[in-house]
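Chains A and B are the protein sequences, given in the same order.
Plus 8 on top of the position in the first sequence (first one is 1) and you've got the working numbering.
Plus 45 on top of the position in the second sequence (first one is 1) and you've got the working numbering.
Warning: the hint list may mix true and false statements.
[Said to hold, decoys possible] Below, a sample of chain B positions facing chain A; criterion: calculated Cβ distance under 7 Å:
#1 133
#2 136
#3 140
#4 141
#5 144
#6 147
#7 257
#8 259
#9 261
#10 265
#11 272
#12 325
#13 351
[What the hints assert, rightly or not] Below, a sample of chain A positions facing chain B; criterion: calculated Cβ distance under 10 Å:
#14 103
#15 125
#16 178
[Stated by the list, open to error] Heads up, simulated SDA-like pairs for lysine to any residue below, C-alpha to C-alpha not over 25 Å straight-line:
#17 306(B) x 132(A)
#18 119(A) x 367(B)
#19 131(B) x 235(A)
#20 246(B) x 267(A)
#21 334(B) x 267(A)
#22 119(A) x 252(B)
#23 217(B) x 252(B)
#24 119(A) x 166(A)
Derived from the structure by calculation, the hints contain no laboratory data.
Keep in mind it's a predicted model, so treat the numbers as computed, not measured.
Quick reminder that beta carbons are idealized off the backbone N, C-alpha and C, glycines included.
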Amino acid sequence: MENYLYQGLIGLTYSMYLWLLAAGLTIAFGILNILNFSHGSLFMLGAYFAFTLYGVFGINFWLAVLLSALGVALVGAVMERFLFRRIYQLELPFQLLLTYGLVLVLDDIVKIIWGGAFLVPPIPPLLDGAVPLFGRPFPIYNLFILAVGALVGILLWIVFDKTWWGRMARAAAWNREMGATLGMNVPRVFTFVFMFAAALAALGGALGIPMRPVSPGLGIAMIVQAFIVTVIGGLGNLRGAFVGAIVVGMLTAYSTMLFPLFELFLPYVVMAAVLMLRPQGLLGGR
Amino acid sequence: MKSNRRSFLAGAGAIGASAYVSKYGFAWAQANQPIKIGGQGALSGAHADYGRQMRMGATLAIEQINKAGGVLGRPLELNFVDEELKPAVAVRNVRQQVSDWGAHFLVGIDSSGSAMAVGPVLAELNRICIFTHAATHRLTEELCYKGNVRQIFRASVPIYQDSILAAYIFAKRPEIKRWANIGADYEYGRMSWAMFKHTLKKLRPDVEFVADAWAPFQTLDFSGHVSAVMAAQPHGIFSTPWAGEAIGLLRTALVMGVFEKAGVWWQAMGGSVDVLEGIAGQLDRFNNKLWGTGRYLFTWSEEKTQRLNTQFVEAFNVRWGRFPNYSAECTYSAIYSIKMACEKAKSIETANVIKALEGMTIETPAGVRTYRPEDHQAVYPVPGGRAVKLPEYPIPVIGADLAVYPTKEYYRWPPFEAIPT
């Protein structure tokens, strides 16, 4: 029994990575109406920024993570202002073409700046170690990721449900023209929303670097996972992304342990089942 | 146009002249034309260091050979591309290199899946490929030996190294009875685990295999795998993820306290230079329980080739500022094998060079390699051992409790018996 609980908690950690990633993806879709295939690349960029700040320049890990999120938010601002803004009204295939193109461009930029090989920074001393839990040592690092995931969840709920800014963003998403008529600077709101989504992706990428070597191609690997999560939970639905992340994380952890041969394919099966039986996702689309 | 006798004669003359040029003039020009070698390996992503090391090894060999006058008086030229560990990409690369670029020989390839896809294409293109990393035994045993694709050669030791050698080493540890697997979830990892179980069970009927966890390429978080196998309380962990993924996995295992609990951890390709560099900061914390090997260790060579190895490591260090990984040494030696075979055959024709390579023995940095005539596998020994810090090297090395077994013992030999999977 203790082994199952332990495995569940490990799975929950993976869920939190997925949640950080899927949250940004689903916000961009829910509010800006853009299906951003390059969201995983922003995750990768966050990891590279954090590696450079923490691993190369020796800046404090926490500060490095924060600065990376800010840095990627700025990259996101540029992307939104000069690229996405022009295609909001276009059909989905055009969005996919542009954002997939960005995946390739960002991968190549990363290769030019940091090279093709993987990079590994040292483990931050504070997070290095374990505490006994369910009779076995549980990494402090995983506890920390769990805490960050929960905090981000609360933060997002407050921002989008309780603040004036969040209500404005949702109003603008509902009806752009009406928002503009009421004196809202809709383009600026959208830029901020996208920066926010980009920062979330970068946060996930930056937090992972002590345990996960940074390398090009990370973006593609991540985006596939993020899509599974958002499709299961409901595209554009923030609570759905949270539920989807938990479903996929748990499924991965328990199938790794119980049906090791099906670990890769179970999340896809669940996604396919959701698409067939409840195409709007478990909690409904946006 | 009006045809007359004069224009007919002029035309005939021109055809004759061009026939003459193409027969003799071209042959003469060819003598200075480079012999082209197409290479490929992983150049991007978590496994990128392998392809880079291949390219470094090949480039070093080619520079040395060209400086000394080339092969049959002709210089060597290299074209090296990214395999991306994708079979479809590897096959496309091979076709482009042979058909468009005009490659005479091929080397490299990291992924076993890619190798198995490229194999049959070699017969169709009739080009020799000397594989220098892809490790599934099926490449040489099935495609070459049983399937008769004679263009396949392999300079690197296959999973005999990852699995049979490991079984020999740990059969001598009576206290290590429960084994678990954290496997690379593709051809290489699956075959390694099957061969390890098969061999160890024969040597030690009392061992148990208690848990399996499989990690595909691009695994982002290994904690689920580590915790799943640790739930079964194994004494030994057999692990085949490699390169950057091996580092991520080992770090995760460290923070999860595996090295306080389990008795040994076999990181099959832990002797790879990129992995050794990646764990340098944490070496003490493995509690002397981290074991591994490689398809060549820059710190070890057979007695006969020790000097050759020292020279190679030094030349490599001067040229690239790093220690050579096994993918570098195997590719370096593959290029020298091509040279020797062409010179022996006095030809670069595929059929002649195949004949020259079969049974050929060559002194290389790793040791004395002999290409078995039956399956075209190069035979040479590589030790396994514990990862330690030695004063003479800036990075950890596989340098303690070295176990060297004769190739007669730990290689599989034709006719190859089937392995239950």
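Here is what the structure says about each hint:
1. 133: 15 Å, violated
2. 136: 20 Å, violated
3. 140: Status violated, d = 23 Å.
4. 141: 20 Å, violated
5. 144: 26 Å, violated
6. 147: 26 Å, violated
7. 257: 5 Å, holds
8. 259: 5 Å, holds
9. 261: It holds, given that the least Cβ distance between residue 261(B) and chain A is near 6 Å, below 7 Å.
10. 265: 6 Å, holds
11. 272: Nearest chain A Cβ about 5 Å off; hint holds.
12. 325: Result: violated, 10 Å to nearest chain A Cβ.
13. 351: The hint is violated - residue 351(B) has no Cβ within 7 Å of chain A, the shortest such distance being about 30 Å.
14. 103: At 24 Å from the nearest chain B Cβ, residue 103(A) fails the 10 Å test, so the hint is violated.
15. 125: 4 Å, holds
16. 178: 31 Å, violated
17. 306(B) x 132(A): With a Cα-Cα distance of about 23 Å, the restraint between residue 306(B) and residue 132(A) holds, given a limit of 25 Å.
18. 119(A) x 367(B): 20 Å, holds
19. 131(B) x 235(A): 22 Å, holds
20. 246(B) x 267(A): Answer holds: residue 246(B) to residue 267(A) is near 23 Å, not above 25 Å.
21. 334(B) x 267(A): 28 Å, violated
22. 119(A) x 252(B): The given pair, whose Cα atoms are some 46 Å apart, is violated under the 25 Å limit.
23. 217(B) x 252(B): Distance ~12 Å between residue 217(B) and residue 252(B) Cα, so the pair holds.
24. 119(A) x 166(A): 38 Å, violated
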